Amino acid sequence: GENVEQHPSTLSVQEGDSAVIKCTYSDSASNYFPWYKQELGKGPQLIIDIRSNVGEKKDQRIAVTLNKTAKHFSLHITETQPEDSAVYFCAASSGNTPLVFGKGTRLSVIA
Amino acid sequence: NAGVMQNPRHLVRRRGQEARLRCSPMKGHSHVYWYRQLPEEGLKFMVYLQKENIIDESGMPKERFSAEFPKEGPSILRIQQVVRGDSAAYFCASSPRTSGLADTQYFGPGTRLTVL
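So the protein lines, in turn, are chains A and B. Reading the first sequence from the start, the letters are residues 1 to 111 in this note's numbering. Reading the second sequence from the start, the letters are residues 1001 to 1116 in this note's numbering.
There's no promise every hint is true.
Stated by the list, open to error - Over the 12 Å line for every Cβ pair with chain B, so calculated as not near, a few chain A residues:
(1) S12
(2) E56
(3) R61
(4) E83
(5) K103
What the hints assert, rightly or not - Lysine-lysine pairs mimicking BS3-like chemistry, simulated, CA-CA at most 30 Å apart:
(6) A:K42 / A:K57
(7) B:K1062 / A:K103
(8) B:K1071 / A:K58
(9) A:K57 / B:K1027
(10) B:K1044 / B:K1027
(11) A:K103 / B:K1071
(12) A:K37 / A:K22
(13) A:K68 / A:K22
(14) A:K68 / A:K57
(15) A:K58 / B:K1044
(16) B:K1071 / A:K42
(17) A:K57 / B:K1044
(18) B:K1027 / A:K42
(19) A:K71 / B:K1044
(20) B:K1044 / A:K37
(21) A:K37 / A:K71
(22) B:K1027 / A:K68
(23) A:K68 / A:K58
(24) A:K37 / A:K68
(25) A:K22 / A:K57
(26) A:K37 / B:K1051
(27) A:K58 / B:K1051
(28) A:K42 / B:K1051
(29) B:K1027 / A:K37
(30) B:K1044 / B:K1062
(31) B:K1027 / B:K1071
(32) B:K1044 / A:K42
(33) A:K22 / B:K1051
(34) A:K58 / A:K22
Unchecked claim - Partner residues are not named here, just some residues of chain A that face chain B (Cβ under 8 Å, in silico):
(35) G43
(36) D49
(37) S93
(38) G95
(39) P98
(40) G102
What the hints contain is simulated information worked out from the structure, not anything from laboratory work. Note that the structure is a prediction, hence the values are computed from the model and not measured. Note that CB positions come from ideal geometry on N, CA and C, so glycine has one too.
Put together the whole structure using the sequences plus the hints.
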């Protein structure tokens, strides 16, 4: 079955800097890759997703890139703010299989 | 437009008791998914349901766990004879009726189950 690896597990950046979180997946049939942000005591919130027919998607300060050949995708957050501090999860699915999540990255933005 | 609702938000049970977790999907969504999250871990898929049907229960433990999504009312995740290892956060997600498992899923706030 699908296996999703996520790195790093923790990430600290200065306010205003960029943050990059990377995920790899094992199932070449996977075609849907969402990213979720989870704040303490809350449920995961979808922040951006990408499907395999595109290589990049951007929404204001957040972007996701997908390399299907290498089977990895990345989340990029620019101009980080303290409110970006949270745990971020990547996930992958082929459409015929359930979402498989990475173990998460704890992002701390230092003011 | 209300999001996914889950209740209770916190549930404490003693070993051997039953736990019932409820999930109301977003308005217009007919697909419900249940996930379990252990501390410092990602979410693990348990079961995927449509109204009155279990579509995929490949992540559900074979014993003590069951799920339903009746024609009327919320989806229920039921855990019988709870053990300490069942302590976790349980999240429900819902999606509209589009492309099945690759649908965009929206999560509720979760139920945090503690087994004493």
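Legend entry - No chain B beta carbon within 12 Å of E56 (chain A)'s: Since the minimum Cβ distance to chain B is about 18 Å, E56 (chain A) lies beyond 12 Å and the statement holds.
Legend entry - 30 Å limit on alpha-carbon distance, applied to hinted pair K22 (chain A) and K57 (chain A): 15 Å, holds
Inset, instruction - Would you check the hint for K57 (chain A) and K1044 (chain B), treating anything up to 30 Å between C-alpha atoms as holding? - result: 26 Å, holds
Inset, instruction - Decide if the proposed pair is consistent with the structure: K68 (chain A) and K57 (chain A), CA atoms, cutoff 30 Å inclusive. - result: Since the Cα atoms of K68 (chain A) and K57 (chain A) sit roughly 14 Å apart, the hinted pair holds (cutoff 30 Å).
Legend entry - Straight-line alpha-carbon gap K68 (chain A) to K58 (chain A), limit 30 Å: Cα-Cα ~18 Å, so holds.
Inset, instruction - Tell me if G43 (chain A) is really an interface residue toward chain B, meaning its C-beta lies closer than 8 Å to one of theirs. - result: 4 Å, holds
Inset, instruction - Examine each Cβ of chain B, and state whether all of them lie more than 12 Å from the Cβ of K103 (chain A). - result: 5 Å, violated
Legend entry - Restraint status (C-alpha distance of K37 (chain A) to K68 (chain A) at most 30 Å): Cα-Cα ~23 Å, so holds.
Legend entry - K42 (chain A) paired with K57 (chain A) [C-alpha distance capped at 30 Å]: Satisfied, since the Cα-Cα distance of roughly 26 Å is no more than 30 Å.
Legend entry - Given pair status - K58 (chain A), K1071 (chain B), alpha carbons within 30 Å: 39 Å, violated
Inset, instruction - Please work out if K22 (chain A) and K1051 (chain B) have their alpha carbons no farther apart than 30 Å. - result: 36 Å, violated
Inset, instruction - Would you mind confirming whether the straight-line C-alpha gap from K1044 (chain B) to K1027 (chain B) stays at or under 30 Å? - result: 25 Å, holds
In summary, the numbered hints that this structure violates are 5, 8, 11, 22, 27 and 33.
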